[in-house]
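So the protein sequences, as listed, match chains Z and D.
Take 1 as the starting number for the first sequence in the numbering used here and just add one per residue.
Take 1001 as the starting number for the second sequence in the numbering used here and just add one per residue.
No lab work stands behind these hints, which were simulated from the structure alone.
Incorrect hints may have been included.
[Said to hold, decoys possible] Incomplete in silico selection of chain D near chain Z, CB under 10 Å:
1. E1042
2. K1046
3. K1048
4. R1062
5. M1106
6. N1124
7. T1129
Note that the structure is predicted; figures quoted are calculated from it, not measured.
All C-beta atoms, glycine included, are put in the ideal place defined by N, C-alpha and C.
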Amino acid sequence: MTTEEFQQQAEELRLKLISIAQKYLGTTDEAEDIVQDTMIKLWLMRDQLTSPITGFASIVTRNLCIDYLRKKHPTVDITKLPDEEDLSDDGEQIEQMLRVIDTLPSTQRTILRMHHIQGMKTKEIAIVLGSSEVSVRKTLSRARLIVRKRLIALFAAACLLIGVSMMTIHLMKVDSSDECVAYVYGKKYTDQQTVLAEMKRSMGEITEDNTQNEVEQQLNDLFSN
Amino acid sequence: MKRVLLIIVAWLSIVVTAGAQSGLNIEPLFAGKIIPQQRMVETRVKGKMLSKYQLTFFRSVRFKANNKQEINRVHDLIELDIKKNPGFAYGENYSSKKSHSKETFMLQLPKEGNHNRFLCYKRNGEEVTVIYMEGTLNSLDTLRELIK
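Make the full structure from the sequences, and use the hints.
The structure is reproduced here in structure tokens:
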């Protein structure tokens, strides 16, 4: 295609491409920018193009719109960011959720990712997939339900595992653990002989019959007063 | 989720590791919160080596009190445990009424499962001994016989 031929078609083409871009991006400046990018791409490869280029230009515009929507991320006010601990916790939750999403059937997975990760609206997803908005919403709802159920199941399994582990440890401890330790003025002794000697001494203190000593003590008390 | 799991683990740990004598007012003494460990003799025995005494768990602390406050604090805690379990106290306070230099409490606590539980306290002047025991032992008289 010659430069003149391209210039002749460009203005008419531009209006058509803007209407395509606006289907994806709404009546925004971004739609205009996307069309501008399309025109530049077409201009750079005009030598390889042959008339009519309307179909090819439409595909290029549509692809650029999709790329743009994929890259678009909502901005977050940095002062409203949670602290580091919360962030790491959220990050872990998101990772866990992504792992669950990966187990979904491909349609549900794609729609869920497009909606929640790429931030696309159901209407946009319907256009990209060539489906109806109602169908996208239904699939999205089903996908969310499955993710929720699987996350709850994972959580319950983790709790059960921890509970069983702790009980097992406890039972093992109760059944098999023999403890034999003495702290004599801060110094630790674990040899059975020393510990049992200390134990007997304490037992002796309690059980010894000190009638004689008590009489002596009382006499001492009397005379010391 | 991580936080919730940590809370569950912490709660289970507390439940699992709770000491046998926990729930008693005298528990802080065993935990070293009243008399520092450097000043007392603490013994903890559990398992087969106690079968000779018909016991499964034995824990004792022995220390020399530095002042009257320490004696009073331990005494008051023991008194609270006796008041908490009035039907189980069968020991007599046989301290010299004049000097209060000696006192002994022997308290049988409510059973836990099949195990009898005992809390013993003896003060001889500044020397204080507190024992907590668990086992099939029926009475401290039996223990006295077994020690001989």
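Violations among the numbered hints, reported as their numbers in ascending order: Violated hints: none at all, because every hint is consistent with the structure.
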